[in-house]
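Produce the entire structure from the sequences given, and follow the hints as far as they go.
There are 2 protein chains.
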Amino acid sequence: MKAGIITIGDELLIGQVIDSNSAWMGQFLVDKGIHVSRKITVSDDAQEIRYAINQLKDDTDLILMTGGLGPTRDDITKKTIADYLGVGMEFHEPTWDRICKIFARWGRSTTPEHKNQCYMPAGITILHNKMGTAPGMLFEVKNTTIVSMPGVPYEMKYIMENGVADQIAELLPENDLVFRTIKTVGEGESRISAKIEDILDDFPDFMSIAFLPSLGQVRLRITASGEHIEKAKALDHYVEKISARLGDLVFGYDEDTLETVIGRLCLEYGWKLGLAESCTGGNIAYRIVQVPGSSSYFEGGIVAYSYELKKKLLGVKQSTLDNYGAVSAETAIEMLKGVLDRLDVDAAIAITGIAGPGGGTSEKPVGTVWIAYGDKNVQHSFLLKSGKDRVRNITYSGTYALNLLRKFLIGKENP
Amino acid sequence: MKAGIITIGDELLIGQVIDSNSAWMGQFLVDKGIHVSRKITVSDDAQEIRYAINQLKDDTDLILMTGGLGPTRDDITKKTIADYLGVGMEFHEPTWDRICKIFARWGRSTTPEHKNQCYMPAGITILHNKMGTAPGMLFEVKNTTIVSMPGVPYEMKYIMENGVADQIAELLPENDLVFRTIKTVGEGESRISAKIEDILDDFPDFMSIAFLPSLGQVRLRITASGEHIEKAKALDHYVEKISARLGDLVFGYDEDTLETVIGRLCLEYGWKLGLAESCTGGNIAYRIVQVPGSSSYFEGGIVAYSYELKKKLLGVKQSTLDNYGAVSAETAIEMLKGVLDRLDVDAAIAITGIAGPGGGTSEKPVGTVWIAYGDKNVQHSFLLKSGKDRVRNITYSGTYALNLLRKFLIGKENP
Numbered sequence: 008m009k010a011g012i013i014t015i016g017d018e019l020l021i022g023q024v025i026d027s028n029s030a031w032m033g034q035f036l037v038d039k040g041i042h043v044s045r046k047i048t049v050s051d052d053a054q055e056i057r058y059a060i061n062q063l064k065d066d067t068d069l070i071l072m073t074g075g076l077g078p079t080r081d082d083i084t085k086k087t088i089a090d091y092l093g094v095g096m097e098f099h100e101p102t103w104d105r106i107c108k109i110f111a112r113w114g115r116s117t118t119p120e121h122k123n124q125c126y127m128p129a130g131i132t133i134l135h136n137k138m139g140t141a142p143g144m145l146f147e148v149k150n151t152t153i154v155s156m157p158g159v160p161y162e163m164k165y166i167m168e169n170g171v172a173d174q175i176a177e178l179l180p181e182n183d184l185v186f187r188t189i190k191t192v193g194e195g196e197s198r199i200s201a202k203i204e205d206i207l208d209d210f211p212d213f214m215s216i217a218f219l220p221s222l223g224q225v226r227l228r229i230t231a232s233g234e235h236i237e238k239a240k241a242l243d244h245y246v247e248k249i250s251a252r253l254g255d256l257v258f259g260y261d262e263d264t265l266e267t268v269i270g271r272l273c274l275e276y277g278w279k280l281g282l283a284e285s286c287t288g289g290n291i292a293y294r295i296v297q298v299p300g301s302s303s304y305f306e307g308g309i310v311a312y313s314y315e316l317k318k319k320l321l322g323v324k325q326s327t328l329d330n331y332g333a334v335s336a337e338t339a340i341e342m343l344k345g346v347l348d349r350l351d352v353d354a355a356i357a358i359t360g361i362a363g364p365g366g367g368t369s370e371k372p373v374g375t376v377w378i379a380y381g382d383k384n385v386q387h388s389f390l391l392k393s394g395k396d397r398v399r400n401i402t403y404s405g406t407y408a409l410n411l412l413r414k415f416l417i418g419k420e421n422p
Numbered sequence: 008m009k010a011g012i013i014t015i016g017d018e019l020l021i022g023q024v025i026d027s028n029s030a031w032m033g034q035f036l037v038d039k040g041i042h043v044s045r046k047i048t049v050s051d052d053a054q055e056i057r058y059a060i061n062q063l064k065d066d067t068d069l070i071l072m073t074g075g076l077g078p079t080r081d082d083i084t085k086k087t088i089a090d091y092l093g094v095g096m097e098f099h100e101p102t103w104d105r106i107c108k109i110f111a112r113w114g115r116s117t118t119p120e121h122k123n124q125c126y127m128p129a130g131i132t133i134l135h136n137k138m139g140t141a142p143g144m145l146f147e148v149k150n151t152t153i154v155s156m157p158g159v160p161y162e163m164k165y166i167m168e169n170g171v172a173d174q175i176a177e178l179l180p181e182n183d184l185v186f187r188t189i190k191t192v193g194e195g196e197s198r199i200s201a202k203i204e205d206i207l208d209d210f211p212d213f214m215s216i217a218f219l220p221s222l223g224q225v226r227l228r229i230t231a232s233g234e235h236i237e238k239a240k241a242l243d244h245y246v247e248k249i250s251a252r253l254g255d256l257v258f259g260y261d262e263d264t265l266e267t268v269i270g271r272l273c274l275e276y277g278w279k280l281g282l283a284e285s286c287t288g289g290n291i292a293y294r295i296v297q298v299p300g301s302s303s304y305f306e307g308g309i310v311a312y313s314y315e316l317k318k319k320l321l322g323v324k325q326s327t328l329d330n331y332g333a334v335s336a337e338t339a340i341e342m343l344k345g346v347l348d349r350l351d352v353d354a355a356i357a358i359t360g361i362a363g364p365g366g367g368t369s370e371k372p373v374g375t376v377w378i379a380y381g382d383k384n385v386q387h388s389f390l391l392k393s394g395k396d397r398v399r400n401i402t403y404s405g406t407y408a409l410n411l412l413r414k415f416l417i418g419k420e421n422p
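Here the protein sequences line up with chains A and B, keeping their order.
Count the first sequence with the numbering used here and you get residues 8 to 422, in order.
Count the second sequence with the numbering used here and you get residues 8 to 422, in order.
In case anyone wonders, no lab produced these hints; they're calculated from the structure.
Treat the hints with care, since some could be wrong.
Since the list gives no way to pick one copy over another, a pair counts as held whenever it fits inside one copy or between any two copies.
[Unchecked claim] Under the rule of at most 20 Å between Cα atoms (straight-line distance), these lysine-lysine pairs were calculated in the PhoX-like manner: (1) K344 x K319; (2) K190 x K137; (3) K108 x K137; (4) K248 x K190; (5) K202 x K122; (6) K190 x K414; (7) K238 x K248; (8) K344 x K279; (9) K392 x K137.
This is the structure in structure tokens:
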């Protein structure tokens, strides 16, 4: 079974909005064993929308479309679909009732735009949207099922997880694709590839690998497809073999993130975690709290952006700042000791650096970052030389620091 | 002048990677007056890459492609281009020299994969890539210029800003498209649309509007296109008219963000800013420090995730936690007073809530968030009822809190 994705909106083409919807839909489909073969993004233009449907309808069994269903005048998807199907528009009473109820609950009145949203192409299936005012639509063109949804991410997700999941369940094949992802941190794509070259040469025909680099990390997606009954077993075999070769470059699998892996280690040890962030300014804390349940091991952190707060909240000495500067091993270690002591946590990271674009010197250029990590007994410091881009430096040094902490925790082995 | 974008990679179709590249390229082109008419995403498959080029080449003057140039075996774009052009592959000595030098500087050795990266289709123009090992490529098919770049975002950006910008400069038309974006926060798309309905009806033919909602915010992009000499003037006129109507829902224009607007106000007043975050766990701090130069007004913050740290670092009283709970107006206000006092800042936000998925009760369901904001003289608190999704709650309540602070600062008018 093959699917295609159409995303509609001038804002996507001119880059005012990053299209995260189609990644989410792609993942949703792949998890159900449906292969996404192509994706087309077009503007809010009837001819372009027709073009996209025509390009995909002959080669796919399912087309997911998002965008152009809003209440405002740039949203023309509904009318285009009605024209494409050669049907008129009908007022959908249940949608109107629902909108009126939502607004009554909020104590607010509806607008004429909301009433416009209730006119739908005649004869299509309406997909309930609990998260917003525009419902989804499902219809057939020859043998292809087409779904049209709003472009607002949480509305699309609701419709996918409820209406669409139900409607396409019967179309689904036996899952003929299995894959696993090995997550690595600390080396680039080329070096990892070189390390496992011979293992890849040994892959059976039905297996393939993709290297997916991101800042500081590389994911290895290994896929086994086709009718082979042995494929799941073979997949596990090669995942094990590659993991053994890559050693501690591998931090996890599939849905694991550095943050969830650190969380699991803290829970296992019964350890509490704290942070002292300067240059990353809360990035590490924000990443840690995105993990549900992180409040069981994350005590909190101090974002000590100024000299003053480094002294006042973390006990960094004025003489240390004077003699070594705020970006130094000495300051990082004092920040670390400060957070371990004042937050009374079992392990911590301290990080201080020059994120840029300003603040660099010839001795300490933009991208110079000192990371300290450890527990009350042992503290280590590490000098990271990052690049010139501010947001990249913040994210990259955050990732680097989390990996140093991960390795430190693993080294403790049941403390 | 029209452009198309092709992004290549299985990882994009199955949603393991969100395609932020094409948004960036779209913005880059639009800023230069080049209209992006369509975007196609295909898998790492020679036939699919040829399909995408063929779909775009007749209707566009410029095609930007990313992906499939890495050193590993799933990367087949170069070979596909050579076949498409009917040329062979040639070893590119300068690229090899450059790679060797980079690795020598790092004190590391190259791998055979790096040597493979130096074979390029014969006769194409090589675009220097300072940020990575794979160079970009530029070639012509009939009258269309095609650029192929690596999918790693900062490598693509480097090649675009250097090689591509130079190469396409001569192709550029007089800019025939102008647009401005009004940034709003605090109301939904329908309500904003209803408020300005009559102004939109009054738009001349050459102007259009798009509503771009995101979590808590709506951007209004107003475009004027065509030959009209008066279009820039008309654009400004309508931007002013809409802004006057929407009042303090408008927080800025074009590149403004809530964070840069708050930064400007702090600089203007000579005020220092501090934060006390519980449920947002560093999200607000991380957003503020993304603004270059934020160290001039942002002192820092305390991420007080646990009860213990709320007491120890912010001076929240045990009796307050016992009587009202950690998620209450009383706790938020004590957190705020704590940060104003202990960080000695002029204005601050304190935020405490239940991000979910766990921790909710019938009285205080997931999504209940208390925000306190103010200065040493006046403190306000606000109850926000957010939704059920953890990361959405964190981001949305962060946005809400920043907007409350913005309005508070504006209300001070040159303190």
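Here is what the structure says about each hint:
1. K344 x K319: Both: 13 Å inside a chain and 17 Å across chains, each within 20 Å.
2. K190 x K137: neither (35 Å within a copy, 27 Å between copies)
3. K108 x K137: within (12 Å within a copy, 57 Å between copies)
4. K248 x K190: The answer is within: 14 Å in one copy meets 20 Å, while 52 Å across copies does not.
5. K202 x K122: Between copies only: 15 Å across chains, 61 Å inside a chain, cut-off 20 Å.
6. K190 x K414: within (14 Å within a copy, 44 Å between copies)
7. K238 x K248: For K238 and K248, only the intra-copy Cα distance (15 Å) is at most 20 Å; the inter-copy one is 64 Å.
8. K344 x K279: within (15 Å within a copy, 26 Å between copies)
9. K392 x K137: between (48 Å within a copy, 17 Å between copies)
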